[in-house]
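Chemist: Chain order of the listed sequences is B and W.
Here the first sequence is numbered in our numbering, starting from 6 and rising by one per residue.
Here the second sequence is numbered in our numbering, starting from 3 and rising by one per residue.
Hints in this document: simulated from the structure, not taken from any laboratory.
Some, not all, of what chain B presents toward chain W, calculated at C-beta under 10 angstroms: (1) R62; (2) I97; (3) G104; (4) L107.
On a predicted model such as this, the values are computed, not experimentally measured, just so you know.
Where is the CB? At the ideal position from N, CA and C, for every residue including glycine.
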Amino acid sequence: MKSSVIVFPGSNCDRDIAVALEKLQFKNSMVWHKETELPKSDLIVVPGGFSYGDYLRSGAIAAKSNILSEVIRTGKKGALILGICNGFQILIECGLLQGALLRNSGLKFISKDVLVRVQSNKNKFFNKYKDGEILKLNIAHNEGNYFTNKKHLEELESNELIPLKYCDEEGNTDLKSNPNGSINNIAGVFNKNKNILGMMPHPERMADKILSGEDGLGLFLSLMN
Amino acid sequence: MKFAVTVTLKKDVLDPQGKVVGQTLKNMGIKNLNQVRQGKFFEIDMNEKDSVKAEGQVKEMCEKLLANQIIEDFKINKTE
Numbered sequence: 006m007k008s009s010v011i012v013f014p015g016s017n018c019d020r021d022i023a024v025a026l027e028k029l030q031f032k033n034s035m036v037w038h039k040e041t042e043l044p045k046s047d048l049i050v051v052p053g054g055f056s057y058g059d060y061l062r063s064g065a066i067a068a069k070s071n072i073l074s075e076v077i078r079t080g081k082k083g084a085l086i087l088g089i090c091n092g093f094q095i096l097i098e099c100g101l102l103q104g105a106l107l108r109n110s111g112l113k114f115i116s117k118d119v120l121v122r123v124q125s126n127k128n129k130f131f132n133k134y135k136d137g138e139i140l141k142l143n144i145a146h147n148e149g150n151y152f153t154n155k156k157h158l159e160e161l162e163s164n165e166l167i168p169l170k171y172c173d174e175e176g177n178t179d180l181k182s183n184p185n186g187s188i189n190n191i192a193g194v195f196n197k198n199k200n201i202l203g204m205m206p207h208p209e210r211m212a213d214k215i216l217s218g219e220d221g222l223g224l225f226l227s228l229m230n
Numbered sequence: 003m004k005f006a007v008t009v010t011l012k013k014d015v016l017d018p019q020g021k022v023v024g025q026t027l028k029n030m031g032i033k034n035l036n037q038v039r040q041g042k043f044f045e046i047d048m049n050e051k052d053s054v055k056a057e058g059q060v061k062e063m064c065e066k067l068l069a070n071q072i073i074e075d076f077k078i079n080k081t082e
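The shape of chain W in the complex, shown without the other chains (with noise of 0.2 angstroms):
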């Protein structure tokens, strides 16, 4: 079973290496481009069938440790 975590920095929180990049595409001539935020992306694949357990126990990585919730948000998604 296999997931799919995002973690992005909170709304407040400033991401100056998003920042770069949307103002490096902006300056390539993607005029519509609002903004960027850069984050981070885990595959976790998990040997397990229960996928609520599963959904949990990945819930729990985010909060333990693949997350800093001080700073950053995570989005999970089941993907197989």
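Looking at chain B on its own, in the form it has when it is part of the complex (with noise of 0.2 angstroms):
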């Protein structure tokens, strides 16, 4: 499989994802967010970081870039679309996945690891999961307090368009496993077609035994199934 890692000033988790994917035969290429056209591939990945230093809103800038108009035209042709972290934030100013994302409800940087429950595997990206299965992700943000309206939360959780919830060691996701003030424990969200996943927790870095743990590889694994 053939995957791309767009790349912008201040983007700090582009190696660390480039590192998963090639560990697992991605056929991987990096593209710098001033080029207008994209290599040919299977998956596009919009990196965690600091893009543009958050200037304005995180990913505001970034979500105008260049590269990022050939984001949005395949994935609304169907491309497979993973946005983590300052991903996510980017993919939501783009317009690609709905909704917003706050300055955490506690007013501060949360870097640590967490548990989080697959609501769902039926879609490209959690396949290789079971069910309801909890795995511990890091995440590292200000703004990841997730929130939408009404209408569209309801059609969120209807049709098992949030793969990941924030939980405790049972599986629970309440106020007490909620780190950020995310609107219904929310950690990622698909678009209708769940072509595109954005996700807070970092996937990349639960990606090695040695170095951290593995539960992120199943996602890795999943679009490759």
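Since each chain sits alone in its own frame, please combine them into the complex, following the hints.
Modeler: Spelled out as structure tokens, the structure:
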């Protein structure tokens, strides 16, 4: 499989995700934001980091870059797109995903391992996980507090468009297991067609047993399935 | 031609920064304070004589980049 990782000034998880993809034999290309064409790819990743220093709003400037118009075009045609952390913020700012990511409710930058529950595995990104499986993934963000209107929230819940929710060890998704104030403990959302995923936790940071853990590997294996 | 644009979070969106600033001001002894909402301010200088056209362009800037209309409102004032 071929993948492309988009790189902005300020991206800092681009190489981590490239290492994870290459470990699984993806043929990966790094694509600079000024490019106007995307190499042919089965998966496009918008990585985490602090594109443009989070100026204006996190992801707002990157969402207007040259390469993003290509990402939007291919995404609308059905290409698989994964936005992680700042990548999630960018996908929201460019309109590929709905909702908004507000400042964490506790007003602090959070960098820690959290538990998330796989809410649905009937999609391209989580089919290698069990329904209800609990994963340990890392989060590192200041604006990860997902918010959306009531109508869209109902649409997300009833169409299995929320693949990941923050939870505790028993899988409870309540206020206590919610690190950042996200509505309904949402850690990631899909677009309607489930070909575009945005998530705050970093699967690429859990792709090596020796370094941290392997709970994130299933996502990349699912994509290859 | 200059415009002043302010962008603030919508009424129903929680503004934690504004809340903290408001609480601090109360702690400083300002008892009659209702609430504080924090926002962003932009001063936009346009090389344009037609004020209707310029204001239209500033509005477009707000809609397309300066404000995220899902969570934010904007106000435009012509200053010069």
